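Kindly produce the complete structure, drawing on both the sequences and the hints.
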Amino acid sequence: MSTMTTDTRRVIYRRPDVLTDRSSHYCPGCGHGIIHRIVAEVLDELALGPRTIGVASVGCSVFVYDYLGVDFVESPHGRAPAVATGVRRVRPDAFVFTYQGDGDLAAIGTAEIVHAAARGERISVIFVNNGIYGMTGGQLAPTTLVGQRTTSTPAGRDVRSAGYPIPITEMLALLPGVTYAARGSIADPQWIGRTKAMIRRAFEIQLAGQGLSIVEILSTCPVGWGMTPSESMKHVADDVVQTYPLGVLVDRLKSTARRDGEG
Amino acid sequence: MSVVATSTRFSRERDQPVRPVLMKGNEAMAEAAIQAGCDAYFGYPITPQTELLEWMARRLPELGRVFVQAESELGAINMALGAAATGARVLVSSSSPGISLMAEAMSYMAGSELPLVLINVMRGGPGLGSIGPSQSDYFQATKGHGHGDYRVPVLAPSSIAEAVSLVADAFELAERYRTPVMILADGVIGQAMEPVVPAYRTPPRRAGGWQVSGAAGRPPRIVRSLHLRPEDLEAHNRELQSKFAAIAEAEARSVAEDLGDAEIVIVAYGTAARVAQTAIERARASGLRVGLFRPVTLWPFPSRDLAEAAAHVRAVVVVELSAGQLVEDVRLAVEGRAPVFFHGRTGGIVPMPGEVLDAVKRAWALTSPRPGLAGVAEQVAAAEPDPVSLIELGAWEAIGRHVPDSIDAVDSMPFLVAGNARNGR
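From first to last, the protein sequence lines are chains A and G. Each residue of the first sequence is one higher than the one before, starting from 5 at the first, in our numbering. Each residue of the second sequence is one higher than the one before, starting from 286 at the first, in our numbering.
What the hints contain is simulated information worked out from the structure, not anything from laboratory work. This one's a predicted model, so the numbers in the text were calculated from it and none came from an experiment. Glycine residues also receive a C-beta, built at the ideal position from the N, C-alpha and C atoms. There may be inaccurate statements among the hints.
Unchecked claim - To give an idea of the chain A side of the interface with chain G (calculated C-beta under 10 Å), a few residues:
no., residue
1, D48
2, L52
3, H119
4, Q143
Unchecked claim - Pulled a few chain G residues facing chain A out of the computed Cβ check, cut under 8 Å:
no., residue
5, F327
6, E389
7, T487
Put into structure tokens, the structure is as follows:
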């Protein structure tokens, strides 16, 4: 005899609607997968998917359009904030965000991000900083740590010839057009949660019609760094944060910016 | 003077203002874009096109449309890329050095199949060059700008009135074929004022189905040029090439003037064609039967029409505000049916009608089929040579199967002999 039992299972973790059901091309230990997921979760929570136009940049994350099931425009290297400006200006009702790496945003695209910020464009920027050019095989990035070995700084980044890392999010936070700037990390579950909250805050600020919002996310490149995935996570948590401190840099919708807390 | 448009693809509406207005070229093109339904303009100041940006800065906001002065030409055209991806009707404008900066996004937009109208009000180059009028971006416009296998239609106005109508045509072409379209004007077209009856026209909007707008109730759309799999990219390139072939077949346009009885045809576009018109009037007044072949589309180049025109003349004279760029396409089209001569000025200098007339007379003398024309050659030889003309610098060239009958006439003009010697004759 069979007995009917009440099913007490409930879904506590599932793939966000916006995240497509396909395996990624990213390397083992790469941070893009985690970041894609928390961006997708926030898009779901705010029900933004159907009105979102994303702007993909050049680098490993150009394929973000394969993993986030929203409309996307692919931009030339570094130009994503200009492309997003064009989208935003003719589509005031859309939700517009860029997804850019550190080579894209902090080297070849510095003019575009600085002036989109100066204009206070109502766009959100997901800025993934792993301190290296991953797609081309691990060269010096503007964000590479001092002393870090890359294929184009084989003896380590020497400030006398290769200069210093650019704290570009701090620079952008100075501009009145930037309503929200924060730096998170995917190095541990606690910071993944905090970073997701930062992304949510950044997206809500765009929805409130208030200037440019940017979340820099410290990420990993195990292959480019010559580390295992777990070593990479530890490197971010212990070392990278020394150059790029975590926290909210500016939140102009709050009376005072908190520099030490979460988003 | 008879004017024959060789393509009637574009219909004109009749409800236009009939009173001529005095308009500056840059402002006339700007207003034409507004009247054509331009939703957004992105630009950056550069002489000699800045009035276009200024006109848009004043007019578009009062119409509730989009104007952004970008941080650079890179910024401007990438804003245009984003706006165009949503299906908006978008205009950008610049001048030569700025177009070089826009070249990157031109390639991306061609690859992504995005409509755009881009106006280049050419100035002298290379480099920062000068702010004077020039046609030295012909190669860039018709064969290049960015990387990759692509073409964009290039329309060349030779008057402000024509510039006005070509702006609407350009939007229509851009949206019909989903491609950037360039209007190649020069500093004279941009800066001059002419009385025009502006033939404003608003091309109908197309349905689309490819634009990004937010994937509500439909699968997501991706506007992109990246196709990493070789088979995918080749398939994409094949589609692009078949589109370019369709454009080349259907959209070549030219204007022929006084070609019926012409023995020499001048080939020129834009401002050079205006100078040629005056030279032709003077030539005909002195008994030389000269006509004008004016390409309106520089790509696709009206090769068939030009080949037809060249088959019935004894010489072709190409006049440009450059060191010789259009002349290469002319030679390809003429294919030796007649010798092709060149006269050009650079540096922002516009050739005088007298220079062009001299070039015509020299071509006439060099290709004289009858001894009775020696008098013309003597007249040419006696003429004071222009000390700075490219003719004197040895850029004067004749090619083709046609060998001059009157060798004496050639010998009397050493600078011409030098030019011919270089061509192996």
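Status of each hint after checking the structure:
The interface hint given for D48 (chain A) is broken, as the beta carbon of that residue sits about 14 Å from the closest beta carbon of chain G, more than 10 Å. Interface hint at L52 (chain A): satisfied, since its Cβ lies 9 Å from the closest Cβ of chain G, which is below the 10 Å cut-off. Look at H119 (chain A): its Cβ gets to within about 4 Å of chain G, closer than 10 Å, so that hint holds up. A least Cβ separation of about 20 Å between Q143 (chain A) and chain G goes past the 10 Å threshold, and the interface hint is therefore violated.
Checking F327 (chain G) against chain A: minimum C-beta separation of about 7 Å stays under 8 Å; hint holds. Of the supplied interface hints, the one on E389 (chain G) holds, with its beta-carbon coming within about 6 Å of a beta-carbon of chain A, less than 8 Å. Evaluation of the T487 (chain G) hint against chain A yields a violated restraint, the C-beta minimum of about 18 Å exceeding 8 Å.
Figure legend: structure checked against the earlier numbered hints; hints not met, in rising order: 1, 4, 7.
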